[in-house]
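Number of protein chains: 2
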Amino acid sequence: MVAVTDLVAEAAALDAADPLAHKRNEFDLDASVAYFDGNSLGAPPKHVAERVAAVVREQWGGRLIRSWSEGWWEAPVRVGERIAPLVGAAPGQLVVADSTSVNLFKALVAATRLQPGRDEILVDADTFPTDGYIADEVARLTGRTVRRVVAEDMPAQVSERTAVALINHVDYVTGRAHDMAGLTAALHRAGALALWDLCHSVGALPVELDAAGVDLAVGCTYKFLNGGPGSPAFLYVATKWLDSFDQPLAGWAGDRDPFAMRGAYEADAGIARGRAGTPDILSLLALDAALDVWDGVDRGVLRTKGLALGDFFFRCADELLDGATIRTPRGEDRGHQISVADDDAAKTMAALIDRGVIGDFRPPNVLRFGLAPLYTTYGEVLRAVTTLREFR
Amino acid sequence: MVAVTDLVAEAAALDAADPLAHKRNEFDLDASVAYFDGNSLGAPPKHVAERVAAVVREQWGGRLIRSWSEGWWEAPVRVGERIAPLVGAAPGQLVVADSTSVNLFKALVAATRLQPGRDEILVDADTFPTDGYIADEVARLTGRTVRRVVAEDMPAQVSERTAVALINHVDYVTGRAHDMAGLTAALHRAGALALWDLCHSVGALPVELDAAGVDLAVGCTYKFLNGGPGSPAFLYVATKWLDSFDQPLAGWAGDRDPFAMRGAYEADAGIARGRAGTPDILSLLALDAALDVWDGVDRGVLRTKGLALGDFFFRCADELLDGATIRTPRGEDRGHQISVADDDAAKTMAALIDRGVIGDFRPPNVLRFGLAPLYTTYGEVLRAVTTLREFR
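Those protein sequence lines, which keep their order, are chains A and B.
Quick note: the first sequence, position 194, residue 194 per full-length UniProt numbering, numbers continuous.
Quick note: the second sequence, position 61, residue 61 per full-length UniProt numbering, numbers continuous.
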């Protein structure tokens, strides 16, 4: 067993060699806290507060209604194009609008319409609840049934009855990452569509939607993309499905000529058909500002650091947390979050937060520590583990 | 015919006697423009820019994830309660979430579920497009048909087949206000539900949802409520329907115990069941800040000024715009907008905007001038009409 002082030296050396260390300064983070909840709510880039205030003063106040034709109306697609490279999507397939839940509804209904002869929706049995809830509602409205299957069993369970399978790329409880390309290919062999939820992977691991042949995807922007609390989510529709993507929240913002104010809806030819109502500009432009921190960030470097932060967590836990059960896989089949089992997780996390180590917990018994390569340091990882040791 | 100088004196006298004149100072409006588009995008209250920046710095940055349990999660219902008095709703019936289009979808599907034996949805034939588009999609998903009927014919057209009728309280083209209590009663006599779209009436005329016996309502917050571009909309469900309000966008935010992360959805007992996904906090708290301008505003005084601004517009137009066709009714059956027919509306409005008179136009041929009693002055009304005279 190494001494804590050795781990301190190791952490310092890792931080000194970190090619992303300079990014930390772009975030507004109190030096007294160690923030491990970027997988739930990303930290604010420093320039966002002033940028949002400027949007209010200069665009809303200064230009008033004119701003709608000076960039606001097209912002959902423009900001989508900024996220596209982070998920391996060529232009024209991503739009930012509404919440993840609402985008799941659009995507699932559209998927059933693309697959009229198939009566079943498969849902990742370990899914974040909202995905399953929305799938149940879509099934009820479209006369389908939902079957819950763990992701790794989907290749064996998918059949000619399966319209679409909804899978979380990274599991929100354990941090496990699923094999996007492999599972998508298996679904396709059975003629099913693949709908991926990227909430816990976008901005963490490299996502390659186009290369994996993914049909549809959704994701949130307030975790590793740091867009702000409840910032609007995104919807991806693969180019091959765009013409036939027929979604039920056909509000005026998805119409091909919204200001013509016609009586009958005609979907926009492009990804704007994924829009519903008037876009929420203040939140959307806060996200737009937050995305500036990705300028010049190599996704490979990001992933390497995310894995290294996790490896260092494992190492510290092995040395300092005798007998702890870690739920996160140790291989590369993980996102940027470490989940530690704890029978009294709510109480333990409250104690950690009191000591400035801010993570969260999920039922029934998991402490979650998010590792955000843009701002998490190795020193903080050690602090998390040594603080946790005091409460076990 | 009176001289313009007489109208100038009249405007000055009206402004001097205006009991809401002091409110103008609470808005960030450039003195060089006369803003007549508060019926499309309300002007920003001065304090909103700093309040939003403070939310980013102090709540998001300062408290990070902890803010979700320090007011953010409940904000949709809390802010809804602030709007409730403006629409005559007792507590517990209003929630702020998503866009108007998305809320229309929730309300219309829920209405068809409350009326299983009825196969028709009536839609105001002059509706803002998105309402009709969403109704068409709801009909398609639920096996209903949509019939478009002008609002005043609904009492004659409603039948035992009608599940619900969707009516705009104030028509977006003409500014005409419909008789909410009378039409609702006529729908009820036939056993149909009444769903009102308040986008162009909330914050303008007094709305009395409870007293009129309205079943369901939606409305936007970025027009006369000044919530900011695309700020989240609201949904009203009358208390008598709350227990049976069964909406299809059953995301985790509407669940009775969202952080238990259960596998099966159970709707919240209260109006929070109208929520779908994670709330958009920056926009929601910008709206929250904007609502401060309503403190101490008497709705009767507001309505009186709104009508008086319109009356003065009519008077100026009668004197100065020879032969102009005004589409807005002259009685009290109108909102706070005056619509003037113009065969070249797009070009005329562009010329007006060039001269600092900012309204908008709607196809095929209507110039719209919104009158916001909290900040529009009689002097500006005269300026609008005299400027318009130059381009006719």
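Don't read these hints as lab results, they were simulated from the structure.
Please note: incorrect hints may appear among the correct ones.
To be verified - Label-pair restraints from in silico Cβ distances:
hint: 1; chain 1: B; residue 1: Gly296; chain 2: A; residue 2: Pro91; range: 43 to 53 Å
hint: 2; chain 1: B; residue 1: Asp6; chain 2: A; residue 2: Arg256; range: 22 to 32 Å
hint: 3; chain 1: B; residue 1: Glu74; chain 2: A; residue 2: Pro363; range: 15 to 25 Å
hint: 4; chain 1: A; residue 1: Thr387; chain 2: B; residue 2: Gly296; range: 43 to 53 Å
Where a beta carbon is used, it is the ideal one built from N, C-alpha and C, also for glycine.
field: C-beta pair Asp6/B, Arg256/A: status relative to the range 22 to 32 Å that was hinted
entry: violated (49 Å)
Assessment of proposed distance window 43 to 53 Å (beta carbons of Gly296/B, Pro91/A): Distance hint for Gly296/B, Pro91/A holds at roughly 51 Å.
- prompt: Are Thr387/A and Gly296/B spaced within 43 to 53 Å by their CB atoms?
  reply: With a Cβ separation near 49 Å, Thr387/A and Gly296/B satisfy 43 to 53 Å, so the hint holds.
Pairwise beta carbon distance, Glu74/B to Pro363/A, judged against the given window 15 to 25 Å: Holds, since Glu74/B and Pro363/A (Cβ atoms, about 20 Å apart) stay within the stated range.
Checked against the numbered hints above, the structure violates only hint 2.
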